[in-house]
Each structure stands twice: as structure tokens, then as C-alpha cells.
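With the sequences and hints as input, model every part of the structure.
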Amino acid sequence: MGKHDTIILSNNDRSLVYRWLASFFTSEVKIETLESYSSPEGRALLDVFSLAPALAPFTGELTKLTELPRESYQAKVLDLATAYSRLFLGVGGQHSAPPYESAFYNEKGTLFQKPTADMNKILQDLGISIENSLKEPADHLGVQLNVLAEYIDREALAEANGNHETAYTLHQSQIWFLSNHLLNWVPSFCESCKRFDKSGFYKELADGLNTWLAMDSAHLNEAEATT
Amino acid sequence: MSKIIANYTSRRSFLKGASALGALGVLAPSIFSPRFAQAAVNGEVLSGCHWGAFRAVVKDGRWTEVKPWEQDPHPSHQLAGVMDSVYSPSRIKYPMVRRAYLEKGRGADVEDRGSNDFVRVSWDKALDLVAQELKYAKATHGPRSIFTGTYGWKSAGKIHNSRSLLRRLINRGLQMPNVTHTGDYSTGASQVIMPHVMGTLEVYEQQTVWPVVVDNTEVLVVWGADPIKTNQIDWLIADHDSYTYLEEFKKTGKKVICIDPLKSKTAEFMDAEWVQVKPQTDVALMLGMAHTLFVEELYDADFMDEYTAGFEKFLPYLTGETDQTPKSAEWASEICGVPADKIKELARLFMGNRTMLTSGWSLQRQHHGEQPHWMLVTLASMLGQIGLPGGGFGLSYHYSNGGTPTSDGPALSGMNDGGAMEGSVSIPVARVVEMLERPGEEYDFNGTRYTFPDIKIAYWAGGNPFHHHQDRNRMIKAWQKLETVIVQDYQWTATARFADIVLPAASAYERNDIEAMGSYSNKATVAMKKIVDPVFEARSEYDIFVDLADRLGNKEAYTDGRDEMDWVRHYYEQAQKQAASKNLEMPAFEKFWEDGIVVHPVSQAAKEYVRYADYREDPLLEPLGTPTGKIEIYSKNIEKMGYDDCPPHPMWMEPLERLDGPDAKFPVHVNTGHPNDRLHSQLCGTVLREGYAVADREPCMINPKDAEARGIKSGDVIRIFNDRGQTLAGAIVSEDIMPSVIRLYEGAWYDPVEGGKVGSLCAYGDVNTLTPDLGTSKLAQGNCGHTVIADFEKFEGELPEVKVFTAPKNG
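Protein chains in written order, with the numbering used here: chain B, 1 to 227; chain V, 228 to 1038.
There are no misleading hints in this set.
Capping the alpha-carbon separation at 25 Å, the derived lysine to any residue pairs in SDA-like fashion look like this: (1) V/481 x V/834; (2) B/135 x V/764; (3) B/121 x V/284; (4) V/352 x B/74; (5) V/756 x V/291.
Derived Cβ-Cβ restraints for the label pairs, each shown as a range: (6) V/814 x B/176: 48 to 54 Å; (7) V/297 x B/168: 50 to 56 Å; (8) B/114 x V/891: 53 to 59 Å; (9) V/475 x B/191: 54 to 60 Å; (10) V/253 x B/114: 33 to 39 Å; (11) B/69 x V/252: 25 to 31 Å; (12) V/814 x B/168: 58 to 64 Å; (13) B/69 x V/253: 19 to 25 Å.
If you're looking for bench data, these hints aren't it; they were derived computationally from the structure.
Note that the Cβ used here is the ideal one computed from N, Cα and C, for glycine as well.
Put into C-alpha cells, the structure is as follows:
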């Protein structure tokens, strides 16, 4: 048993971290979101995520939000929604952080470029498609983080079924996907979030994501080197 | 082992099975469906737009390439921007509501408009809000409280006509008397004065056709126009056929003269003589020519007698009998800057040759803009060539390829406004800000006194008044009067940024429609097939309005039971019937839709059309639509109006301000001509901008003398300013513009450094921060976008970033 086993043991958690991070990019924080995080289950969740050093500052932000008086949730949620619109929905013009790989593929930020096509192919190969309710192209950050989670889950499943070869391929897929579809643009994206976010919330989210990706990638490669 | 893994391993079951996991399922739900995506769409789709017909290459459901239609003789380079606009980062992706509006309701923090605080809402929420606002206006404020003027170059297409659909919503959905607009920003003055003078609009009429001009015209004058630039576009789908004729004319080697403050694309293309004239002084120049023709007894007195009315009342003004100022070439030269000898030479040249005086609309988009074309007609009358092949005047050769022979094809009709209710009114389009400033007060327009309505809600669909309207700062303030502003568009225009409710419309390439090619040629009927699905949550204009009509309880009345494709078929079959009555066969709808285009035949007669030939042939049987049936050099109707700013015959009048004018407060004129690389403000946010931006700003052309005096070189950022506003721009120093005139194209996106603040510096180059907002006169109330003087300097200090075009940093 080498480190590869360790990864398998922690894969469940990595996948959840990716899906969890993705949720903040695919949707605004709603009042219900804050209510959920302030429930005992939600707090437990934040406690656990805060154990990852990369995620601690962001979970701290979320915890602070849940500690706000209920009557101020509405205004806070609108603050965050305004920041979200400026950063991710194009309202901020050049002072924004488009959450699309295509936007960083060319200097002008045109959407639906080759990365969209590549991601469509990846989804097709995985036999999945984006839920109809999410009207985003496949190179949206939230979709990409979920794709990585998908690879992780499938690796775990294959490993659980004793299908080591498939597990290995899926492990390789993660390394490839991280470097070709996330690390190639997310650091720049996070930089934009940090520069242009006035809420502080998305700046911490971007910081957390960026650090997490770097560490997870380093870890994957490390595991790969010793497998 | 890394730290993370160490943490995770030590708590390896920390999530699995923990109660927290349930929370995560709610907070981070799966976004995938376990099914295969639909088969990707591949292939080529023929469609059309203002810039021409084209084939779109679609790969895996994405539009990847645009190819001009094979039969387009001169495709526009702007087509690349058309494709780019669909995937532009400046697309409106979701329904959005201004935050303060959402929180506090209508009229909240209106000074906050333009500061970009928006929140996404669902379509249901957005449409509920819009329907609620419309009902509120009707219940609380009653008739004429909603403005649906919604001026602008909506996308091509007969069904998804945002203007008609919006009015249809008020007329059939809300069933309330409406407020809309009359006229346009292009020809506001001419389209009102010309019916008094010629009995027709003139500006939107077929010209003596190009084949006749090529064969017969000896001197082609292009006065304040640039057809090579502006014929790239058409209100419908551009055919670009005029380029072929311009090339043919050039090959003949006959004389072409461009009268313009700057060397136009046309002057360059035609190798024309460039006569530099000071902006806004064309009437003086024309008067100088007319005076020459008169005193030298060259003019065609017989023509004046037989075909015109009131010349004898104009003559005392021309000769100076009435005001002791003969409008001599010398007098004109002092004003317009063209040497007196040159003025005389041109007058003699025009008289001695078959001369076609073509003019653009820049001449009339200025204070007293009724006068230039009236004077042009007077001059053309004195030349005596109106109605002769290749002679006379033409006011639409530069627009939508005017002068291209008209086919025998049927007229294609389209979505109508459903019939305005009694009590509906309209305002002259460019008085929109004054309307907001002076509700309930009176104004003059073309002989009648009207009252401005009291508008509470404005709904704009497919237009960008924060580009096309003058005096941006005055406008921002006036807009604050509105309780609710609804904007429906596919780009984050400045207008959308100043709205309360923003609805994402599908682009013209994301829905099915039908359109004619060639406003003048009617060359073909084109199937505008959907190229790709609407991106994000964009929806077609028709779908949006149908849902609103439904919320107003009048869906059936709105749709007449038809969906998008039913309407497309309906209008095609109407055209088909009309064609059959002319013995012209058009294929069955299915075949048309498959082929994508039906090209119509052109008769020999159409290729020989001479404007006013009938009138010349028989002025009694074919009289003009004027009170006298003749060309009115003097209008008794206008005399009766008694306007101090629009006399009954053409006259030189000092505008509000002009270069070297009396008490001119600023030293340079700002030419606000049409851009070469976009359609007004459309496509400003696309890849095309990379081809022309200077220091990331809208380019401003400056004569070397003016640049040198201010220590400016090409590539510098300059600040242009006057007492109305200020904007940055990127300098291009060139001999192609006369001294003391700078050129900043209209249509550059407004990008205030401080969003929403009156007087803010525009970081990108919106020329309407500088222009005045006044009517041309009480007659036409057209806009005066060319009446502007200013000063400029090299911009020093910290350069504000251009923010209006969404593009990632560090990309």
C-alpha cells in the first residue's frame, strides 16, 4: 500500500471539495444557502472543510456570514449577488472575472471557443450532460470542477470494484485535466477575482480555490510519481 | 504524505456518513444528468444581417466560421464582428434587475442608474416585474405614461422585430394608448422638409439607378457622404451591389468631386478631387454657387419657370436685395473656407456637364438642418438637370445601396404593432430628453403645437439611446425622471447599464426569421435560419413578448395563434401570393426554407429608371406631391408656420455653434461621422475593435497642424472637452482631415469613469458626451449631432482604464 491508497481513501473528500467549491460559481449565495450553513449540519460541514488549510479562510468567511443576524441576510445576499453579477455575469465589463476557460483562451475574452468544444467532447466521453437548468457552456468553471469530481468519483468506484487499470487511467485523467483545463487559466481568473471583487467573499473563494488546486495538483503528481 | 492528506486521512470518514453530507447534497447539488448529450449540430447555415448574407459554419453546435454569401460582390469586413458579437463577453446572459430597484421598488435611487449594481433574477421574476410595471402604469398613470419609442437599429428580421413587437405588447397586450416616436436620427430634418419641397421623403426613395449614372453622369459630386463606408450596411440585408457600379464609374475616368471636411473612403476609392469645406457651412457654399450661376446668367431659367415655384421670392435673398448681402462666391468663401474662384469654377463645371449632386445626411444632422438639402435642390434646379438621365440630385446613394435597380420581387411584409389605440401619440424621436424634462409642456413640430406626454416608464428593445442621443450628461439627468426603465437587448450597452430591468434577448442568429435583401434593390428573400441555440438564458424577442402578453391576459390577441415558424411561413406565403399576381413564381415554402434564398429577376425598365423623368416629361399629368405640384423653392406652408428658425425659402443661418463662427467658444469642430468598422454602436464590443482602437480608445483623427500645436503624436491619448462634457480618445495624426477639424466617429460605447455620474469623463470615446441636444428647428426637430465644437489636449495623469468591453485581465 503506497500513497495511491491514501488518495483513494481521501478521494471521496476531494470530490466533495470540488463539488462544494463549484457551487459558489454556478449560483449566487441565497438566503437558504446561509440558513443551511447556519444549521448544525452546515456548521459541521464548514468545520470539516476548514481543516484543509487552503479552504480555511473561505470557510471562515462563510462562518462569519452565518453568524450575522437573520434580518441582515437579505441585504448581505444582495451584496453578494451584486458582486457575483459584476464578477461572473459580465456586468463589471473589463473589471470582471469571466468564469469560462474560453475567456482566457484569447486576449479579447470571446466565449464559446475551443475550450468549450473540448469540454463538450469530454462530457460526451463521460456520457453525461449539463442539467438543463444550468444554462452555461461546458467550459464554465463550475462545470469543470464537477468534471474533476466526476473523475475522482469514478476512480474511487473503479478502485472499489477492483478495476485498478481503469482507476489508474482515471487518476491520469485528473492530472491531465487539472493541467490542461484548470491550471492553465484558473490562476489568472483568481487574480481577476482578487483585483475586482469588492465584497471580499469572492476574493477569499478565489484564493481558496487557487491554493487548493495547486496543492491538489502537487499531491496528485506526487502520488503519481510514487505509484 | 501531504498535509491535506494527513488531515483527511486522520479523519477519513469525516464526511462519509456524517450528517454534514446531507447538507452538502442541498448546497452543492449535482449539475450533471447521466445521459448522453444530444447529437452535436454540424453544417452550414445560410442567413443574413444588416451587413449582408452569409454562410455560418457550425461545428458541434458552435458557430465557428462566417463566409460571405458567394453572390455578394463586395462583402463587408464587419461580418467577422457579427459572429464575434454572438460569443462576445459583453452578451447579456441572464435577466438582471438593478439592485436598489429590486430592494426598494420603482423610482429607487435613480441617480444610482449606470453604476452597475445588478442582481440576477429568474425569467419568471423578471417577466412578472415587467408585467407588474406595465399594469401599474395603466392603473395609476393611465394612457401615454409608457414610452415605447425604442429607436435604434434593431436586428434584421420580419418576425422578431423588437420595435413592432414592443408596441404590439402595449397595443394588444396592455391595451393602452401608446407613446412612440416619429422620424429618426438619420434623416430627422430632411424627411420633414423634403415633403414640403419635393412632395416625397426623398431620403428613403429609389435614386436614378446606377447603370444610368455610370452611362450618363459626367460629374459625380459626393457632398458630405461616404458611400464606400456606409453602404456596407442596410436596414434589411445588405446586397452591396452599389460597389460594382462605383467601380464601373471609376473605370470611366469621369470626374468625381468629394466635398467634405475630411478625405473620405469614397474619395480615396474613386480617386476623387477633394474640396475641403468647413463643417456646417454647406448652405453658404451652395448659395455662392447659385449666386455665380445667377449673375453669370448660366442657370436654366426655363427649368425654374416650368418645374419650380417661388424662385422669384428666393432671388432677392440670393442677390442681397432683402438683406444687403449678396450671397456671392466671395461672401460664401469667407464662411465656408472654399476659395471664391473654386466656388465659381465648381458652379460652371456643374452647369456645363451632366452633374449628379449626391448628398449624405450629415448635412442635415445639424442646427438648421432643413436648409442644406433644400438649398441643394434649389441648386440642382438651377442646373436644370432634374429628371434627366444622370443629372439632378440624390439623397440616398450612400444608404442601403440606393440606386441599385429594383427587382420585380414582391414586397415582404412583417410583424405589425397590432394597431395603436385611439389617443396614442408620438414625439419627434430626438426630443426624447426634452420630453422627460418638460412633461405637459408644449412644443412645435412641422406646423402644429403638441404637448409632451408625462412618461413614467420607458421600455427599450433593440436600441441604444445612450449611444445615439446627443448630450450624454443632460440625458443621464433626464433619465432619472423615469420610475422604471426596461431594456431588452443582447449586449450590455450603456442603455442597458442605465436600466432597472434588463432582459437578455437572443441575437438574430439564434432564432428563425425571414428578411428581404436590399432596401432599394429588393434583390432577394432570405431565410434567416437559426444558426445556434440562444446562449445562456437569452430568449427570442417573440417568446419574451408572448410571455408578457400572456401575463397581461392577452396572449391570443398578441399571437393570433401563431408561433415563430407560423409567422415566417405566413409572411413568405403572402409574398408568394403577391408575386403570383405579377406572374412571378416563387418556390413552395419548404423549398425556400431549404434553399435559404430566392433571388428575384430585375427588369430592363428597372435598370433604366431615372428619378423625376415622369415629372420632367409631363409636369401637369405627373405633378409632385407639393401644394403647387412643383419643386418648392419657396413654401407657403412653411411661411404660414412663421418659424423664426425655418424661413420659407432656403437660407444661410448661423448654427448654435460652429468652427470660426461668431463667438465660437472652442477652436475645433468635431466631426461625428459614421464609423467604418461597426454599425453605429453595434459591434463596438467585438474583435473588429482590435483593428482600429488607438491606445485601447476610440480613434480620433487630427490634422498635423493641430496635433503639433498641442504636442500630440499618433498613439497618444487625448482628452476632448467642451462645456457639455469630456471624453478620452486615441490620436491619429493625418493629412486626411482639414485643420481645425477632428473626427471622432459616433457609436463608441459610453464608458464613464464614474458610472452614472453626470459630467464623468468617458474613458473610451463616446462623442455624444460633447454634442448638444437641440432640435434642428421647430419644423423638423431633428437631431444636431454634427453641431459641435470643442477643444482637446494631450491627456496627462493617471489613465483611466477602459471597462465597458468585458474582457478578462491577465488573459
